[in-house]
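Visitor: Here is what each chain is made of, one letter per residue.
2 protein chains.
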Amino acid sequence: MVKLTDVAKLAGVSATTVSRVINNYGSLSQHTKDKVFAAMQELNYQPNSLARSLQGKETKLIGVIFPSVSNPFFGELVSLLESHLFAKGYKVILCNSAENKEKERAYLQMLIANQVDGIIAGAHNLGIAEYERVGLPIISFDRALSNTIPIVSSDNYTGGALATEALLKAGAKKIVILSGINQPNSPTTERLNGYADTLKAADLQPITAEIDFHTAANIKALKIHQLLVDQKPDGVFCTDDLSALLLINEAQKLGLAIPTDLQVVGYDGTKLIQDYHPELTTIMQPIDDIATLLIDLLLQRIKDHHVALQPRYQLPVKLINGQTTR
Amino acid sequence: MVKLTDVAKLAGVSATTVSRVINNYGSLSQHTKDKVFAAMQELNYQPNSLARSLQGKETKLIGVIFPSVSNPFFGELVSLLESHLFAKGYKVILCNSAENKEKERAYLQMLIANQVDGIIAGAHNLGIAEYERVGLPIISFDRALSNTIPIVSSDNYTGGALATEALLKAGAKKIVILSGINQPNSPTTERLNGYADTLKAADLQPITAEIDFHTAANIKALKIHQLLVDQKPDGVFCTDDLSALLLINEAQKLGLAIPTDLQVVGYDGTKLIQDYHPELTTIMQPIDDIATLLIDLLLQRIKDHHVALQPRYQLPVKLINGQTTR
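Order-wise, the sequence lines are chains A and B. 1 is the number of the first residue of the first sequence in full-length UniProt numbering; add one for each residue after it. 1 is the number of the first residue of the second sequence in full-length UniProt numbering; add one for each residue after it.
Careful, some of the hints might be misleading.
Identical copies go unnamed one by one, so any copy, or any two together, can satisfy a pair.
Capping the alpha-carbon separation at 25 Å, the derived lysine-lysine pairs in DSS-like fashion look like this [as the list claims (entries may be wrong)]:
1) K173 - K200
2) K271 - K223
3) K33 - K60
4) K103 - K223
5) K200 - K232
6) K200 - K174
7) K35 - K88
8) K3 - K103
9) K60 - K88
10) K101 - K271
11) K103 - K88
12) K174 - K232
13) K253 - K232
14) K101 - K88
15) K9 - K103
16) K103 - K271
17) K88 - K33
18) K88 - K3
19) K223 - K173
20) K103 - K318
21) K60 - K103
22) K33 - K303
These are computed hints drawn from the structure, not numbers from a lab.
With the hints as extra help, turn the sequences into a complete structure.
Guide: In structure tokens form, the structure reads like this:
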């Protein structure tokens, strides 16, 4: 069976270029188009996708790429994406990309091969160049994937500021931020900026601790234990709720009373946390609004590949007061 | 044997139209599609899979139907299913069926219409008759869907017995089981049987409390609170870990010390619970083995629709001793 890559090889162009010709997307010279069409004819290449795109037929499938639905935040977000997409006649192809570049690449190639109508991605194993190359509808959650891919986030800066203000107001003086590895361009790094600016305005020194998001929980717990021993903070802003739960467990092992000796604020505020850990003070992301906006933007771009979208969309966050702050 | 033309006649459309619906080809109104699906169901029409595979027309898509990936147990199971299926060249179409018959039906129709190669289902909104009618590869997790659909489960009976024995050994005398609604034919009802038989062997009386699985957590918490007040148990076997967490929270509100006044055993033992609630004594389901076996059986049946499979496959469970039992 003739493949798109065979066409590309014969025409002497990339697979992406063939895909663009098929989908009539992007600016291509007539010369290139002619070469591709000639190769397609010579090989009798009849992709479903060609027939489909000539008829304007959609697959009604959306690729959804997140680190893993076993993480409660992504589990809830993907669950909402699936529900809202189903209501609009779309089905979800699920990709857990965690730490697997090849897998993320395979899903992007599906898009290039026109097997899904669009992608919603919150993963970031691959470089921006690979996302640039796709050139078809993608909307990102909380990740800088490419200059042409709009990003939907919660208002990470305000979230970081709100968390830090809550700790300051409750009397904490030595406030540590515990986060994943902060990439310079990542939207989540704004949580750090909101934290640092708020501390500086109060003449206090930021103290940052970074633990890679993918670290196993038991290793993360050991590192948190050491952090508490070394730094002796009286307040910690954890940029995700699960790390906050680990921190609380480790604090208890050290005999630290919460919130008397140590105050803690998390981030995410999933339904799981609100239902099963209502004691945790946290910053709640509007997960349902995030899902709705991601889908709205993606469907706009599927309908019209050239629709003008903003580079960034930020949705408001809320402080949920629990018993881990005074 | 029912032919495509029979379907066409009953639906009052042409054979070409039926073919187009089956292959999801061309533009068809929802009304037409619905008529054709209804006729296919009524006649139990099974599109010719042999012809399809001769044409190399496998979709390499597997439908995965569970209540919701926002539930940590299903989130972990679906995450593992996706990873293992990806390694075998399949992609996952995700369906969160929670309390939505129409949605579950729509996904089954996809299967009938030959848009996925098979389905792994752990949902049960629909009657057995609707699953009987599908007649194509489905493997079930923990649900009796039809006599012809194999069921993979953890060893629910032994799990119930182990949990109850742990509570007895730790000295509990008034042991309540807190579960979802027990259906007579459901594999999970075996947890109740394991509990009841173990208590009876110790000359104790079973006390059952049932709360519908889909009940919102805050309402469930109220019911659990009342249960603790009314029954004053000294041991509770919760047939899922999240209910155990709610129970522990409510017990603490009532000033009950755990495990001194009240001992608790959960069920599921997800990675999330082991990482973030290592204090909970629970029965661990072998989630990775469950995922592996579900896929192995499904791929066997996709390869050969008539392969002989057992009606039930049960995988061993383990007691994880935490600090909620003595």
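Visitor: Quick one: K35 to K88, C-alpha cut-off 25 Å, is that within a copy, between copies, both, or neither?
Guide: between (35 Å within a copy, 21 Å between copies)
Visitor: Using 25 Å as the alpha carbon limit, work out where K271 and K223 are close: within a copy, between copies, both or neither.
Guide: For K271 and K223, the Cα distance is within 25 Å only across copies (19 Å; inside one copy 27 Å).
Visitor: Which holds for K173 with K200 at a C-alpha limit of 25 Å: within a copy, between copies, both or neither?
Guide: Result: close within a single copy only, 12 Å intra versus 58 Å inter.
Visitor: Indicate which option fits the pair K103, K88 if close means a Cα-Cα distance not exceeding 25 Å: within, between, both or neither.
Guide: Intra 27 Å, inter 12 Å, cutoff 25 Å: inter-copy only.
Visitor: Between K88 and K33, at a C-alpha cutoff of 25 Å, which is it: within one copy, between copies, both, or neither?
Guide: between (32 Å within a copy, 17 Å between copies)
Visitor: Classify it for me, K3 with K103: is the Cα-Cα distance of at most 25 Å met within a copy, between copies, both or neither?
Guide: within (20 Å within a copy, 35 Å between copies)
Visitor: What label fits K103 with K223 when the C-alpha limit is 25 Å: within, between, both, or neither?
Guide: The answer is neither: 30 Å in one copy and 44 Å across copies each exceed 25 Å.
Visitor: With 25 Å as the alpha-carbon cut-off, assign the pair K253 and K232 to within, between, both or neither.
Guide: Close inside one copy (14 Å), not across copies (30 Å); limit 25 Å.
Visitor: Can you give me the call for K101 and K88, within, between, both or neither, at a CA distance of at most 25 Å?
Guide: between (30 Å within a copy, 17 Å between copies)
Visitor: Is it within, between, both, or neither for K33 and K60, if the alpha carbons may be no more than 25 Å apart?
Guide: Both: 23 Å inside a chain and 15 Å across chains, each within 25 Å.
Visitor: Quick one: K174 to K232, C-alpha cut-off 25 Å, is that within a copy, between copies, both, or neither?
Guide: within (8 Å within a copy, 44 Å between copies)
Visitor: Can you tell me if K103 and K318 fall within 25 Å by alpha carbon in one copy, between copies, both or neither?
Guide: Result: close neither inside a copy nor across copies, 35 Å intra and 33 Å inter.
Checked against the numbered hints listed earlier, the structure breaks hints 4, 20; every other hint is satisfied.
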